[in-house]
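Student: From first to last, the protein sequence lines are chains U and Y.
Going left to right, the first sequence walks through residues 1 to 369 as the working numbering numbers them.
Going left to right, the second sequence walks through residues 1 to 369 as the working numbering numbers them.
Honestly, the hints are just simulated from the structure, not real lab data.
Here the structure is a predicted model, which means the values were calculated and not measured.
Positions of the beta carbon are idealized from the N, C-alpha and C atoms, including for glycine.
Hints may be right or wrong, so weigh each one.
In silico DSS-like cross-links for lysine-lysine, where the CA-CA straight-line distance does not exceed 30 Å [as the list claims (entries may be wrong)]:
#  : chain 1 : residue 1 : chain 2 : residue 2
1  : Y       : K291      : U       : K237
2  : U       : K302      : U       : K82
3  : U       : K206      : Y       : K291
4  : U       : K196      : Y       : K206
5  : U       : K127      : U       : K76
6  : U       : K196      : Y       : K196
7  : U       : K302      : U       : K39
8  : Y       : K113      : Y       : K82
9  : Y       : K328      : U       : K233
10 : Y       : K82       : U       : K237
11 : Y       : K237      : Y       : K355
12 : Y       : K113      : U       : K237
13 : U       : K196      : Y       : K203
14 : U       : K328      : Y       : K237
15 : U       : K359      : U       : K328
16 : U       : K323      : Y       : K233
17 : Y       : K124      : U       : K113
18 : U       : K127      : U       : K237
19 : Y       : K196      : U       : K233
20 : U       : K323      : Y       : K323
21 : U       : K237      : Y       : K323
22 : Y       : K328      : U       : K237
23 : U       : K328      : Y       : K196
24 : U       : K39       : U       : K7
25 : Y       : K2        : Y       : K82
26 : Y       : K237      : U       : K203
Distance windows between CB atoms, simulated [as the list claims (entries may be wrong)]:
#  : chain 1 : residue 1 : chain 2 : residue 2 : range
27 : Y       : S202      : U       : K328      : 36 to 44 Å
28 : U       : E320      : Y       : R63       : 53 to 61 Å
29 : U       : L244      : Y       : Q362      : 52 to 60 Å
30 : U       : E320      : Y       : D38       : 55 to 63 Å
31 : U       : A240      : Y       : S40       : 44 to 52 Å
32 : U       : K64       : Y       : D242      : 34 to 42 Å
There are 2 protein chains.
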Amino acid sequence: MKIVTNKAVFNRPLYLESGRLLESYEIMYETYGEMNADKSNIIIITHALTGSHHAAGFYEGDRKPGYWDALIGDGKAIDTLKYFVVATNNIGSCFGSTGPMSLDKNGKPYRFKFPILTISDIVKAQKSLWDKLGIGHVKAIVGGSMGGMQALCYAIEYPDFADIVIPLATTAYTRPWAIAFNKVTMEAIRNDPEFKDGYYDSKDIKENGLKGLAVGRMAGHISYLSSGSMNEKFGRKYVAQDGLYELFGRFEVESYLEYNGYNFPHNFDPLSYLYIIKTINIFDAARGSDKLEDVLGRIKSKLHLISFSGDMLFFPSEMEEIKIVMDKIGNSDKCTYDMIESDYGHDAFLVEVEKFEDKIIQMLEGKYE
Amino acid sequence: MKIVTNKAVFNRPLYLESGRLLESYEIMYETYGEMNADKSNIIIITHALTGSHHAAGFYEGDRKPGYWDALIGDGKAIDTLKYFVVATNNIGSCFGSTGPMSLDKNGKPYRFKFPILTISDIVKAQKSLWDKLGIGHVKAIVGGSMGGMQALCYAIEYPDFADIVIPLATTAYTRPWAIAFNKVTMEAIRNDPEFKDGYYDSKDIKENGLKGLAVGRMAGHISYLSSGSMNEKFGRKYVAQDGLYELFGRFEVESYLEYNGYNFPHNFDPLSYLYIIKTINIFDAARGSDKLEDVLGRIKSKLHLISFSGDMLFFPSEMEEIKIVMDKIGNSDKCTYDMIESDYGHDAFLVEVEKFEDKIIQMLEGKYE
Numbered sequence: 001m002k003i004v005t006n007k008a009v010f011n012r013p014l015y016l017e018s019g020r021l022l023e024s025y026e027i028m029y030e031t032y033g034e035m036n037a038d039k040s041n042i043i044i045i046t047h048a049l050t051g052s053h054h055a056a057g058f059y060e061g062d063r064k065p066g067y068w069d070a071l072i073g074d075g076k077a078i079d080t081l082k083y084f085v086v087a088t089n090n091i092g093s094c095f096g097s098t099g100p101m102s103l104d105k106n107g108k109p110y111r112f113k114f115p116i117l118t119i120s121d122i123v124k125a126q127k128s129l130w131d132k133l134g135i136g137h138v139k140a141i142v143g144g145s146m147g148g149m150q151a152l153c154y155a156i157e158y159p160d161f162a163d164i165v166i167p168l169a170t171t172a173y174t175r176p177w178a179i180a181f182n183k184v185t186m187e188a189i190r191n192d193p194e195f196k197d198g199y200y201d202s203k204d205i206k207e208n209g210l211k212g213l214a215v216g217r218m219a220g221h222i223s224y225l226s227s228g229s230m231n232e233k234f235g236r237k238y239v240a241q242d243g244l245y246e247l248f249g250r251f252e253v254e255s256y257l258e259y260n261g262y263n264f265p266h267n268f269d270p271l272s273y274l275y276i277i278k279t280i281n282i283f284d285a286a287r288g289s290d291k292l293e294d295v296l297g298r299i300k301s302k303l304h305l306i307s308f309s310g311d312m313l314f315f316p317s318e319m320e321e322i323k324i325v326m327d328k329i330g331n332s333d334k335c336t337y338d339m340i341e342s343d344y345g346h347d348a349f350l351v352e353v354e355k356f357e358d359k360i361i362q363m364l365e366g367k368y369e
Numbered sequence: 001m002k003i004v005t006n007k008a009v010f011n012r013p014l015y016l017e018s019g020r021l022l023e024s025y026e027i028m029y030e031t032y033g034e035m036n037a038d039k040s041n042i043i044i045i046t047h048a049l050t051g052s053h054h055a056a057g058f059y060e061g062d063r064k065p066g067y068w069d070a071l072i073g074d075g076k077a078i079d080t081l082k083y084f085v086v087a088t089n090n091i092g093s094c095f096g097s098t099g100p101m102s103l104d105k106n107g108k109p110y111r112f113k114f115p116i117l118t119i120s121d122i123v124k125a126q127k128s129l130w131d132k133l134g135i136g137h138v139k140a141i142v143g144g145s146m147g148g149m150q151a152l153c154y155a156i157e158y159p160d161f162a163d164i165v166i167p168l169a170t171t172a173y174t175r176p177w178a179i180a181f182n183k184v185t186m187e188a189i190r191n192d193p194e195f196k197d198g199y200y201d202s203k204d205i206k207e208n209g210l211k212g213l214a215v216g217r218m219a220g221h222i223s224y225l226s227s228g229s230m231n232e233k234f235g236r237k238y239v240a241q242d243g244l245y246e247l248f249g250r251f252e253v254e255s256y257l258e259y260n261g262y263n264f265p266h267n268f269d270p271l272s273y274l275y276i277i278k279t280i281n282i283f284d285a286a287r288g289s290d291k292l293e294d295v296l297g298r299i300k301s302k303l304h305l306i307s308f309s310g311d312m313l314f315f316p317s318e319m320e321e322i323k324i325v326m327d328k329i330g331n332s333d334k335c336t337y338d339m340i341e342s343d344y345g346h347d348a349f350l351v352e353v354e355k356f357e358d359k360i361i362q363m364l365e366g367k368y369e
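Could you build all of it, start to finish, from the sequences and the hints given here?
Tutor: Rendered as structure tokens:
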């Protein structure tokens, strides 16, 4: 698989939904495979909260591939022998695209001067990249979780852009349940003295971590799993060297959360995290309209919705609602809805690819009804 | 309703499951109504994580009554005109019973020298109180959540003690899902510099709060509610004076969590909280036996299990499992199981009393099959 990683620079402002603007911005992106002559084989991948432009394949020396390597690659469901796959790092994130710790025109990190971004803003920035790359139309857009919000946003706001849109494990508007999990993270970060009210030194955080972000990430991990998958993964197994009657003795699920929580801040910027969860919280596909009916009525792409029965973050009923509204407004022929049986939880869209890859293949071939 | 609040002092050791002992201990307790001549009208109430001996009625000047006032009182389901109701504050807690911030024999707070307690230890301490009060047998034991663990423990470990045992919204052994929520709290507390590694000044915490405990409590609140009840309670309502495009602008669910989270540490001791969640984490009704079958086989009381369909902390399937095992071992006649339809979440056992109070009345009258 041919992987190309690149950065695009935009020296003109991006006008944002909030009324503010980003004076200039950069977008990291990665491509897999080759674009065909008539540009009819392009698939866009949109990423979730902590994802990046690195969706598939291995970088030299890495032990772990891109986050959706199970789905994307030569001979895989999103077949890079056949399709030209492109993935960007969202603006606001911390993997090379412009975010809150990028330098402003005075050469200092934006920090709190960075504007709040919406899903629409992120997609708008991506659109300027597609323009630059001469991509005026794509075959498909595929994304899960926050990536699914972007996919949905493409379908609504750029109805002629994609033939096929496949949002997974997502929602049309973020509910208080998901916002509450994000709130725990937000408060945990803000309360950490090492966060220094946002005026931390990035190098310090990378080296020493940030306990507040770690604790918040642990709360996040609960929402990415499920009661069932935790039972299966950990049960009541206790860490062998810990005592059952020690106050800080640990069950294995605790050790898992510690490991994943405390490692995370070495690789992710806290302000980026705050900005991205804000973007998720305020996502509402129907904003600016009276109701979901109105915005879903604009869709021209074929919309394939995939939820997971055990998703404890964006519950299946939230995606089913989109299908119900599509049916109600006479768009049944443009929309399919599937709930994949899975006990894994929200992260099933990343982890249990084998359960839905056949559907993706058919969807991309235009054979799924 | 006649309310009597009292403290019992025990100047002999309590031998604990861990092999350690409490050299002496005190238990706060409260009674409602009058014990009848043949002591046949006694009902014990066992409390949840942050409950206390104050289960019902108003203290002078208080705006809020005891935590289960909807259920307990003159003419209510647990009718104090008819029954003599007794409630204790669990040892390990911070409302007058001996806990980690109580003074040891050297006149200093135990802090980490306080031993880990199990549900069995807490029940054992209560039993010594019943002995002191001349109560050798009771009509019923009723408790929800951690109180339900205690009720179940009474049924298993003291089979001749109660005619009727009614555990609500609980489990026979704590699953990793609940342990994970507690882990977030535990780490948030430990990481807070004001916790001072456990060597805080109680007065400071009461006055200033403890942000780590507040954040942990927010995570707890998520598990006490449900996606559905949050949708109903808050929807996507935004705090009027906050801006949608302000990083720390708040949805109402966030404001709710802030209010409840940050107020909490003014009224609850952090070390007590750590010790109690540890007790919950290590609860396993089958410990010491090979399987649940063995311990449930000891039960002689009539066991009425009540779960709530929307409970996101202890899922209905966890209580149903107890019923399934009871049936399997030929104890069907001793056990009923009801799942109350409720979208509220775990706290339904406190908040939606009207949905199950009729059942409780029948259960206490021995008329529920």
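Student: Can you confirm whether the C-alpha distance between Y/K113 and Y/K82 stays at or below 30 Å?
Tutor: Roughly 43 Å between the alpha carbons, so the hint for Y/K113 and Y/K82 is violated.
Student: Under the criterion that the straight-line Cα-Cα distance not exceed 30 Å, is the pair U/K237, Y/K323 satisfied?
Tutor: holds (24 Å)
Student: Is U/K196 close enough to Y/K203, meaning Cα to Cα at most 30 Å?
Tutor: Within the cut-off at roughly 26 Å; holds.
Student: Could you see if the CB distance from U/E320 to Y/D38 stays within 55 to 63 Å?
Tutor: holds (58 Å)
Student: Can you confirm whether the C-alpha distance between Y/K82 and U/K237 stays at or below 30 Å?
Tutor: violated (46 Å)
Student: Does Y/K196 sit within 30 Å of U/K196, going by the straight-line distance between their CA atoms?
Tutor: holds (19 Å)
Student: With a cut-off of 30 Å on the C-alpha distance, tell me whether Y/K113 and U/K237 pass.
Tutor: Between Y/K113 and U/K237 the Cα gap is close to 26 Å, so the pair holds against 30 Å.
Student: Holds or violated: Y/K237 and Y/K355, Cα atoms, limit 30 Å.
Tutor: Distance ~28 Å between Y/K237 and Y/K355 Cα, so the pair holds.
Student: Holds or violated: U/K302 and U/K39, Cα atoms, limit 30 Å.
Tutor: holds (19 Å)
Student: Would the pair U/K196 and Y/K206 pass a check requiring their Cα atoms to be no farther apart than 30 Å?
Tutor: holds (25 Å)
Student: Does U/K237 sit within 30 Å of U/K127, going by the straight-line distance between their CA atoms?
Tutor: Violated, at roughly 48 Å.
Student: Need the status of pair U/K302, U/K82: alpha-carbon distance at most 30 Å?
Tutor: This hinted pair holds, its Cα atoms lying about 20 Å apart.
Checked against the numbered hints given earlier, the structure breaks hints 3, 8, 10, 17, 18, 19, 20, 23, 26, 27, 28, 29 and satisfies all the rest.
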